[in-house]
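**Student:** Just need the whole structure built from these sequences, with the hints factored in.
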Amino acid sequence: MIDRTELWIVIVALGLGSFGLRFVFLGLVGDRPLPEWLTRHLRYTAVAVLPALVMPLVVWPNATEGETDPVRLTAAGVTLAAAYFIKSVILSMLLGGLVLAGGAYWFG
Amino acid sequence: MAGPGVKSSFWTGVREGLPFLLVILPFATLFGVVSSDAGLNAGEALAFSIAVIAGASQFTALQLLQENVPLVVVLASALAVNLRMAMYSASLTPALGKLPLWKRAVCAYFLVDQNYALSVVKFETERDLSLAEKFAYFLGATMPLCPFWYAFTVVGALVGSAIPTEWGLDFAMPLAFIAMIGPALRTGAHRTAALVASVAALTFAFLPFNLGLLVAAGLGMAAGAEVERRVGAK
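If you read the sequences in order, they're chains A and B. So that you can map any letter, position 39 of the first sequence is 39 in our numbering, and since no number is skipped, the others follow by simple counting. So that you can map any letter, position 232 of the second sequence is 1232 in our numbering, and since no number is skipped, the others follow by simple counting.
Do not rely on the hints blindly, as some may be mistaken.
Have a look at the derived ranges for each label pair, beta carbon to beta carbon [what the hints assert, rightly or not]: (1) A:P35 - B:L1022: 32 to 40 Å; (2) B:A1162 - A:V24: 37 to 45 Å; (3) B:G1005 - A:A101: 23 to 31 Å; (4) B:F1206 - A:A63: 17 to 25 Å; (5) A:Y105 - B:P1100: 53 to 61 Å; (6) A:A63 - B:V1155: 22 to 30 Å; (7) A:D3 - B:Y1150: 20 to 28 Å; (8) B:D1128 - A:Y105: 54 to 62 Å; (9) B:V1159 - A:L38: 24 to 32 Å; (10) A:Y105 - B:G1005: 56 to 64 Å.
Derived by calculation from the structure, the hints in this document are not laboratory data. Glycine is no exception: its CB is placed at the ideal position from the N, C-alpha and C atoms.
**Tutor:** This is the structure we're talking about:
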């Protein structure tokens, strides 16, 4: 169960922080350009943070108390392959979900 | 100066933003469902969506809140996902930087992936748009996005409380993230960043307080930037 005080601190602080990130240049810095090395790193935040977040959840799922689950691994692999090749987020998720549901049905 | 040009720019924005409903509706609904699964009520889920308006960041924060990691790590990780917004902000500044402060604040609050992508292309290709028309276009493009983000978070939260927990919803969030990562792996540099971050996340999983996530993300970003520097591709 999520602690209510923590939840609200996160909602408010994350809201303010996200606004700050969106406002920092538009509102404060004006049109001075960012240093090249900084934009070069910022370009890769999403593709670095999301996999780093997701990998442990895929390999050691919460639901199995950390035991590697072939069904979940397969579902994740299918989703990634679908997302990479057909570039449809929704369709890929549905495919992964089908594998997960099918696997749970056959082996569960 | 709300002339016909401004009005038509607004509606052009609305029209061009509409296809993104196909992304916004399912994701907002999913966030609502996952929040309700995590024990949030509809009001709390809505507050999350109004305060943050950023799917990946909201999912990250929600996931880490459930893992009982320190608040600093929750915030640092969720904000790291949103670092790209600073880039968007910088990139729109030449076009919108001359607006009055309150209008820049409005743009900043509503700035998300989709209206950024639309606006940056629009302002680049139609350079004769007036400042008022650009602002109107941005607001128009925001209309099919943010209000629906809020509304369908609530829908998801209400639906979610009716879904039994045995449905494997624990894995909906990882699958959503993976589905978001796939299309973003456009170049070798992006793929390297993702691969390095993935391997590092497993390698450094032993670190306390989920610090492995931040270490892995930093290594991934550095790897991506280094490949780009060597190859020269963007």
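**Student:** Hint by hint, note whether the structure agrees.
**Tutor:** Status of each hint after checking the structure:
1. In this structure the hint that P35 of chain A and L1022 of chain B lie 32 to 40 Å apart at CB holds, the actual value being about 37 Å.
2. The hinted window of 37 to 45 Å between A1162 of chain B and V24 of chain A holds, with their beta carbons roughly 41 Å apart.
3. Roughly 51 Å separates the CB atoms of G1005 of chain B and A101 of chain A, a value that falls outside the hinted 23 to 31 Å.
4. Take F1206 of chain B and A63 of chain A: their Cβ atoms lie about 21 Å apart, and the range 17 to 25 Å holds.
5. Our hint of 53 to 61 Å for Y105 of chain A and P1100 of chain B holds, since their Cβ atoms are close to 58 Å apart.
6. In this structure, A63 of chain A and V1155 of chain B meet the distance hint of 22 to 30 Å, their C-beta atoms being roughly 25 Å apart.
7. Checked against the given bound of 20 to 28 Å, the beta carbons of D3 of chain A and Y1150 of chain B, roughly 24 Å apart, stay inside it.
8. At about 59 Å, the beta-carbon gap between D1128 of chain B and Y105 of chain A stays in the expected band of 54 to 62 Å.
9. Remark: the range hint 24 to 32 Å for V1159 of chain B to L38 of chain A is contradicted by a beta-carbon distance near 41 Å.
10. At roughly 57 Å, the beta-carbon separation of Y105 of chain A and G1005 of chain B lies within the given 56 to 64 Å, and the hint holds.
Violation of the numbered hints given earlier is confined to hints 3, 9; the remaining hints are satisfied by the structure.
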